[in-house]
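In my numbering, the protein residues as written are 1 to 280.
Heads up, some of the hints might be wrong.
[Unchecked claim] For each label pair, taking beta carbons as the anchor points, the in silico distance ranges come out as:
| no. | residue 1 | residue 2 | range |
| --- | --- | --- | --- |
| 1 | Ile143 | Gly203 | 29 to 35 Å |
| 2 | Gly107 | Pro225 | 18 to 24 Å |
| 3 | Gly203 | Leu257 | 40 to 46 Å |
| 4 | Leu191 | Trp27 | 19 to 25 Å |
| 5 | Gly199 | Phe250 | 14 to 20 Å |
| 6 | Gly195 | Pro225 | 39 to 45 Å |
| 7 | Leu8 | Ala268 | 38 to 44 Å |
Hint data in this document are derived by calculation from the structure and do not stem from the laboratory.
All of these numbers come straight from a predicted model, not from anything done at the bench.
We treat Cβ as the ideally placed atom computed from N, Cα and C, and that holds for glycine.
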Amino acid sequence: MQLLALVLLVLIAFAANSVLGRMAISWGYMDALGFGLLRLAAGAAMLVLLCSLRGRSLRQPLIPSLKGGAALTLYMIGFCLAYQGLDAGLGALILFGVVQIAMFGWGALRGSHPSFGQLAGAGVAFAGLAYVIWPDESLQVSIWDASLMGLSGLGWAAYSLIGRGVRDPLGASAVNFLWATAMMVPFVWGLQGGGLITGLGIGLAVISGAITSGLGYALWYRVLPRLQPPVAATIQLSVPVLAILGGVIFLAEPVGLRLVLGTLGVLAGISLVIWAPNRR
Numbered sequence: 001m002q003l004l005a006l007v008l009l010v011l012i013a014f015a016a017n018s019v020l021g022r023m024a025i026s027w028g029y030m031d032a033l034g035f036g037l038l039r040l041a042a043g044a045a046m047l048v049l050l051c052s053l054r055g056r057s058l059r060q061p062l063i064p065s066l067k068g069g070a071a072l073t074l075y076m077i078g079f080c081l082a083y084q085g086l087d088a089g090l091g092a093l094i095l096f097g098v099v100q101i102a103m104f105g106w107g108a109l110r111g112s113h114p115s116f117g118q119l120a121g122a123g124v125a126f127a128g129l130a131y132v133i134w135p136d137e138s139l140q141v142s143i144w145d146a147s148l149m150g151l152s153g154l155g156w157a158a159y160s161l162i163g164r165g166v167r168d169p170l171g172a173s174a175v176n177f178l179w180a181t182a183m184m185v186p187f188v189w190g191l192q193g194g195g196l197i198t199g200l201g202i203g204l205a206v207i208s209g210a211i212t213s214g215l216g217y218a219l220w221y222r223v224l225p226r227l228q229p230p231v232a233a234t235i236q237l238s239v240p241v242l243a244i245l246g247g248v249i250f251l252a253e254p255v256g257l258r259l260v261l262g263t264l265g266v267l268a269g270i271s272l273v274i275w276a277p278n279r280r
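Using the sequences and the hints, build the whole thing.
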């Protein structure tokens with residue numbers, strides 16, 4: 001029961017990032033990139049504090065840290081700019097759909113030899129994603145915003161792949177967040193100048209960075225060794241569903257039949273990719 005409670009907290013934290021980002025950015029409490037910068041800085045501060053309390057070293061290899069910071073910066077820029085137009089649930093659906101498809105594709109290119117079932121699952125997930133974002137009278141989705149969130153998904157997929165096999169995930173995450181914070185500064189100055197800042201916007205960014213990102217990632221690293229890989233991958237499919245529910249409850253976002261069907265298609269396809277047997 002304790003493990004189940006911790007896993008549920010992690011999933012809620014991941015989904016809350018979409019709700020908090022959408023609320024701060026689309027409701028005009030803070031400019032998009034300024035929110036991203038403060039979220040990264042707050043996350044870095046929390047992770048550094050956790051490393052200090054646990055005696056973890058911040059001395060990490062330079063090149064992997066730079067790559068991780070760059071991937072995290074790409075994720076944050078796409079995430080924040082996309083939520084100027086996308087609903088919280090739809091954004092999470094595109095984000096996690098692209099992450100899973102990208103990681104599956106990278107594994108195939110690296111010689112993992114996917115089975116027919118996995119190929120079929122990737123096709124179903126891609127079709128479900130395309131069905132949701134395809135322009136239609138019942139659900140208008142900006143291709144630009146969807147593309148930005150897709151770019152964010154590619155950044156998160158790259159960040160996940162770079163972090164595979166890291167000996168100290170907590171220390172590496174802290175350093176990656178520090179590098180990403182520094183890399184984000186030129187984009188904030190160059191693209192949005194001073195930007196819009198309100199007290200509530202600052203509060204939402206700090207909560208998203210320190211709590212649902214910093215503590216959320218730390219908690220995820222704690223429960224991850226206790227979960228089998230297929231289980232760990234599968235339970236993350238609930239994040240878009242939780243984000244959709246959060247958008248309905250806290251943001252009063254509409255949920256149409258098209259979004260529901262597309263979500264089910266993406267989740268079914270990704271589940272098939274995860275559970276289908278590998279081809280030797």
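The hints, checked one at a time:
no., hint, in the structure
1, Ile143 / Gly203: 29 to 35 Å, "holds, 32 Å"
2, Gly107 / Pro225: 18 to 24 Å, "holds, 21 Å"
3, Gly203 / Leu257: 40 to 46 Å, "violated, 35 Å"
4, Leu191 / Trp27: 19 to 25 Å, "holds, 20 Å"
5, Gly199 / Phe250: 14 to 20 Å, "holds, 19 Å"
6, Gly195 / Pro225: 39 to 45 Å, "holds, 40 Å"
7, Leu8 / Ala268: 38 to 44 Å, "violated, 22 Å"
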